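**Q** Between the sequences and the hints, there should be enough to build the whole structure, so can you do that?
Chains as they are written, first to last, in this note's numbering: chain A, 1 to 374; chain B, 1 to 286.
To be clear, the hints were calculated from the coordinates, so they are not data collected in a lab.
For lysine-lysine, the following DSSO-like pairs were computed, each having C-alpha atoms within a straight-line distance of at most 27 Å:
id, chain 1, residue 1, chain 2, residue 2
1, A, 3, A, 67
2, A, 75, B, 181
3, A, 114, A, 179
4, A, 182, A, 168
5, A, 114, A, 178
6, A, 179, A, 2
7, A, 105, B, 181
8, A, 182, A, 114
9, A, 67, B, 181
10, A, 84, B, 177
11, B, 181, A, 84
12, A, 342, A, 314
13, A, 178, B, 181
14, A, 154, B, 181
15, A, 171, B, 181
16, B, 181, A, 114
17, A, 108, A, 154
18, A, 178, A, 84
What you are looking at is a predicted structure, and each value in this text was computed from that prediction instead of being measured.
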Amino acid sequence: MKKIIELKNISKSFDGETVLDSINLDIYDNEFLTLLGPSGCGKTTTLRIIGGFETPDEGDVIFMGEKINDIPAHKRSVNTVFQKYALFPHLNVFENVAFPLRERKVPKKEIEEKVNEMLSLVMLSGFAHRRVTSLSGGQQQRVAIARALIAHPKVLLLDEPLGALDLKLRKDMQQELKKIQKATGITFIFVTHDQEEALTMSDTIVVMSEGRIQQIGTPVDIYNEPQNAFVADFIGESNILDGVMLEDLRVRFSGHTFRCVDKGFASQEPVDVVVRPEDVDIVPEAQGMLRGVVTSVTFMGVHYEVIVDIGGFKWMIQTTDFVDVDEHIGLSIDPDAIHIMKKSEYSGLYGDYSSFSNELDELSQPDEEEEEEE
Amino acid sequence: MTGNAKTSRGALTPYALWAALFIVVPLVFVAYYALTDNEFSFTFENITRFFTATSSVDGREVHTYLLIFWRSLKLAVISTVICLVLGYPLAYVMARASERRQKIMMILIMIPMWMNFLIRTYAWMTILQDTGILNGFLSVLGLGRVHIIGTESAVVIGMVYDYLPYMVLPIYSIMAKMDIKLLEAARDLGCNSVGVLRRVIFPLSLPGVLSGVTMVLIPSVSTFYISQKLGNGKFFLIGDAIEGQYVANNLHFAAAMAFILMVILLVVMAVMKRITNHRVYGGKAA
Numbered sequence: 001m002k003k004i005i006e007l008k009n010i011s012k013s014f015d016g017e018t019v020l021d022s023i024n025l026d027i028y029d030n031e032f033l034t035l036l037g038p039s040g041c042g043k044t045t046t047l048r049i050i051g052g053f054e055t056p057d058e059g060d061v062i063f064m065g066e067k068i069n070d071i072p073a074h075k076r077s078v079n080t081v082f083q084k085y086a087l088f089p090h091l092n093v094f095e096n097v098a099f100p101l102r103e104r105k106v107p108k109k110e111i112e113e114k115v116n117e118m119l120s121l122v123m124l125s126g127f128a129h130r131r132v133t134s135l136s137g138g139q140q141q142r143v144a145i146a147r148a149l150i151a152h153p154k155v156l157l158l159d160e161p162l163g164a165l166d167l168k169l170r171k172d173m174q175q176e177l178k179k180i181q182k183a184t185g186i187t188f189i190f191v192t193h194d195q196e197e198a199l200t201m202s203d204t205i206v207v208m209s210e211g212r213i214q215q216i217g218t219p220v221d222i223y224n225e226p227q228n229a230f231v232a233d234f235i236g237e238s239n240i241l242d243g244v245m246l247e248d249l250r251v252r253f254s255g256h257t258f259r260c261v262d263k264g265f266a267s268q269e270p271v272d273v274v275v276r277p278e279d280v281d282i283v284p285e286a287q288g289m290l291r292g293v294v295t296s297v298t299f300m301g302v303h304y305e306v307i308v309d310i311g312g313f314k315w316m317i318q319t320t321d322f323v324d325v326d327e328h329i330g331l332s333i334d335p336d337a338i339h340i341m342k343k344s345e346y347s348g349l350y351g352d353y354s355s356f357s358n359e360l361d362e363l364s365q366p367d368e369e370e371e372e373e374e
Numbered sequence: 001m002t003g004n005a006k007t008s009r010g011a012l013t014p015y016a017l018w019a020a021l022f023i024v025v026p027l028v029f030v031a032y033y034a035l036t037d038n039e040f041s042f043t044f045e046n047i048t049r050f051f052t053a054t055s056s057v058d059g060r061e062v063h064t065y066l067l068i069f070w071r072s073l074k075l076a077v078i079s080t081v082i083c084l085v086l087g088y089p090l091a092y093v094m095a096r097a098s099e100r101r102q103k104i105m106m107i108l109i110m111i112p113m114w115m116n117f118l119i120r121t122y123a124w125m126t127i128l129q130d131t132g133i134l135n136g137f138l139s140v141l142g143l144g145r146v147h148i149i150g151t152e153s154a155v156v157i158g159m160v161y162d163y164l165p166y167m168v169l170p171i172y173s174i175m176a177k178m179d180i181k182l183l184e185a186a187r188d189l190g191c192n193s194v195g196v197l198r199r200v201i202f203p204l205s206l207p208g209v210l211s212g213v214t215m216v217l218i219p220s221v222s223t224f225y226i227s228q229k230l231g232n233g234k235f236f237l238i239g240d241a242i243e244g245q246y247v248a249n250n251l252h253f254a255a256a257m258a259f260i261l262m263v264i265l266l267v268v269m270a271v272m273k274r275i276t277n278h279r280v281y282g283g284k285a286a
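**A** In structure tokens form, the structure reads like this:
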């Protein structure tokens, strides 16, 4: 695969506050890459540096082998789909999409053909002469995509483009974006704080936190082999426990020694252990590797979400078997369900599920979106 | 719902009264005086007089009031264009400056407006006189003196000075509100600075330009004092003519001129609004 963009040691700070701290990232041709992280992690700033709206304080932006730090946005073969679309309210759908071509003085006839072609790609044929202000959020989104793609950029940047859409529409647009990316063969760089979105759409996910890249990998890698407690906690649900590596393939946590598939740690090295809630089996108490009391059961449709108190640590378990609150149960964990991570600065930050609430989690989301870094 | 509608209507009452008393009633009076003679019987005589009255200037017969009106319109349009040319870039720079700068610039623009405009006009007299500050300054620099006072230029300078803030403020306020993302989008899609200005900023600022032009054009067409002081009374404008008739107790003819001026301005504004509406669809101007 061909590298299309390289970020080399990019640092950026605003008013003395470090937003990006030595970012190194290679982006390949034809790839759907997602920058994922909570607000303030630097993902939008990274995108803006690639787009040419910010210049890095340190480091180089390399585009197809050439340094482009000082090339202004309008001369880069990179286009952006903005968070709130930024459609031109004084122009209709056709003129919005035609905007980049008019700037390039493309002949009228060709503009008409290309715009119509683009509008049909985003399934908006017949909307050409509508005002953009009269369109729904989803339709505006499509206009923004058509407008950004019409000049055939090498790279398309998408800044939380689905954030303003409702759930159903968001799911549809995820599929559609993926389809458009495949059809056009353009590299997509997608920014989101929604881990599910990142997992479903991306070829590569870049997990960011506090201006640093935490992990780069495929969705499966990121989910199954998180590099540290931050990634494990941010992507999906996880029980993160303090453990000690006894020797290769043997780890001790929660008062029990488990077989595992990880090796290469020092003997007696303290580690973080990740067990995903869906990888835990509920067994009769007597047969359990671990024993505990069920403290809450929530029906989620496909499965139950069960919180189990094991020696004071609240585990989350997802199961299709029904258990009752206050029931004493045993847990069994297969060796390949256990993932061992080196201790990091994030160790111990993410506690158990004792104060867990789905609602609280969702309630805190809209706020985060609002205060997204400028 | 009805309760809400009722209270909001109730809250509007004082404004409705105010508007009726100070806007509608005076307009009705102007129209009434314009269309009656000294005995208050209906007549078009005052209206026709405006269009037909002639006098001789330099041995030529001219339509007195049409000539005056034409001159007023010409000076007003020149002033408005100059205000626009000066005010638009100023508003643009202001809207893009840091918040602190914006406040300072706003104060600098507002301060002269706190002074009575007669005083400001007198200040310009002392500046522009043949022995005034400007000529003193020029001769110190070794440049020749210029004769400005008593020319149309002096009148235009006075009007531009007085009315510039009315051009800057509406344009500034619309530019300050403009979504910065739109400008970034334009750059992203291939526009250089000139392109962004031409294709996005300017069309989106048209409603501000329109209200700025309105707020400068209307008072400059009907201005009267500036022309007397800075034009040495040589450039009789329509405002001066109305004032003159009023002072001479010719209330009916004064009202007729005011009425005609008003109708013409309304037509001009309506046409301008139509033109800009054609260009600004989707915006708030509609």
